[in-house]
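Start from the sequences, fold in the hints, and give me the full structure.
Listed below, chain by chain, are the residues.
There are 2 protein chains.
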Amino acid sequence: MSKPAPSTYPINEVIAHRWSPRAFLDKPVEKEKILSFLEAARWAASSYGVQPWSYIIATKDDPENFAKLVSVLVPFNQSWAANAPVLLLSLAQTVNAEGKPNSHALHDTGAASAQLSIQAAALGLQAHQMSGFDAAEAKKVFALPEGVEAVAAIAVGYAGDPETLPDFLKERELAERGRKPLSEFVFTGKYGEVSPLVV
Amino acid sequence: MSKPAPSTYPINEVIAHRWSPRAFLDKPVEKEKILSFLEAARWAASSYGVQPWSYIIATKDDPENFAKLVSVLVPFNQSWAANAPVLLLSLAQTVNAEGKPNSHALHDTGAASAQLSIQAAALGLQAHQMSGFDAAEAKKVFALPEGVEAVAAIAVGYAGDPETLPDFLKERELAERGRKPLSEFVFTGKYGEVSPLVV
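Chains G and B supply the protein sequences, listed in that same order. For the first sequence, this note's numbering gives the first residue as 23, with consecutive numbering after it. For the second sequence, this note's numbering gives the first residue as 23, with consecutive numbering after it.
Treat each hint with caution, since some may be false.
To be verified - Distance condition first, Cα-Cα at most 27 Å in a straight line; then the derived DSS-like pairs of lysine-lysine:
id, chain 1, residue 1, chain 2, residue 2
1, G, K90, B, K192
2, G, K162, G, K25
3, G, K122, G, K162
4, B, K82, B, K25
5, G, K192, G, K202
6, G, K212, B, K82
7, G, K25, G, K202
8, B, K212, G, K49
9, B, K82, B, K192
10, B, K161, G, K202
11, G, K90, B, K212
12, G, K49, G, K202
13, B, K122, G, K212
14, G, K82, B, K212
15, B, K122, G, K202
These are computed hints drawn from the structure, not numbers from a lab.
Quick look at the structure:
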């Protein structure tokens, strides 16, 4: 199952092939591929180079730690993400060691997870990020210290057969991908003024 | 000038080649390349698919709008970024039309700008993001509506000759790239417990 972006302008193949499936093959992810997608996250850019992201990870063949990650998902996400071979939770250090807030911590964690997802796609995997999880519960379950917040859950694996999903999810899995056109979010001079570069 | 990440585990070449230079060639960026890196941002993942990011963009051959972007940078960033052929400001819609906060808006904007940066690298360009700008001033200059916040300034162009930079910046431009090892930010079971997958 592959679902490349129907892009208006040419984009790199790996970026185009990144998408967020809910059906995953019942196939473990090779350790070297896990290391590669984590390594890609590592090399993201960050404000003042502080690298505010971290990850909790577990594979399905580590049932105890995998179950802890499943436990913090909302029931809807549990229904499909528990079938992925790898689960992660991204974390952001939003307050540094001196008690100073880092207003770019969430932004930079988003960049790291985007690089993780693109590297996953480059390896034939896909990563599906979820905001649907209990952040307060995650804070307890994973003993997150002060100043570290749970940001997003991530399911990673090989995209599987949409037929394995319940009907309403199968429909979404097979639906065409879409995005706002550039003219709705690229401005010049002031907000809302469509850039001449995109018309 | 190229500065690939000295990665511990193999990563996609385009991700490895993305870095944040301060020296740019005095060479405009082709319009089709601008469209491609904006298109790559467009296809980022977002919570509930709301695509909370937008961009203000200007090229150097549009002096009035380019100067507006330069004007919101802190003086240190003005000193080098004003030489880039393209400047952008990423924006996040942190409050939706119904007045509901989107706690993932910054995160997802970070993902979009990461895709923008990787696509830039794929085209032989580089994007350098900056948190050093005046967000309150940007809000006025670009007439950002309630609920839309300026997130990061971005300089884009062809990486240039480090010799064109003042000495202290030349040193940084030529310094080796580095990141925390995976063992410092990839955990299993609880925060701080190094994952067996990365040792």
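Outcome of the hint check:
1. G/K90 - B/K192: violated (47 Å)
2. G/K162 - G/K25: violated (37 Å)
3. G/K122 - G/K162: Distance ~23 Å between G/K122 and G/K162 Cα, so the pair holds.
4. B/K82 - B/K25: With Cα atoms ~25 Å apart, B/K82 and B/K25 stay inside 27 Å; holds.
5. G/K192 - G/K202: Holds. G/K192 to G/K202 sits at ~23 Å (cutoff 27 Å).
6. G/K212 - B/K82: holds (16 Å)
7. G/K25 - G/K202: holds (18 Å)
8. B/K212 - G/K49: The hint holds at about 25 Å.
9. B/K82 - B/K192: With a Cα-Cα distance of about 23 Å, the restraint between B/K82 and B/K192 holds, given a limit of 27 Å.
10. B/K161 - G/K202: It holds: about 23 Å lies between the C-alpha atoms, which stays within 27 Å.
11. G/K90 - B/K212: Holds. G/K90 to B/K212 sits at ~10 Å (cutoff 27 Å).
12. G/K49 - G/K202: Distance of about 34 Å is beyond 27 Å: violated.
13. B/K122 - G/K212: holds (24 Å)
14. G/K82 - B/K212: holds (16 Å)
15. B/K122 - G/K202: holds (20 Å)
Hints 1, 2, 12 from the list above are not met by this structure, while the remaining hints are.
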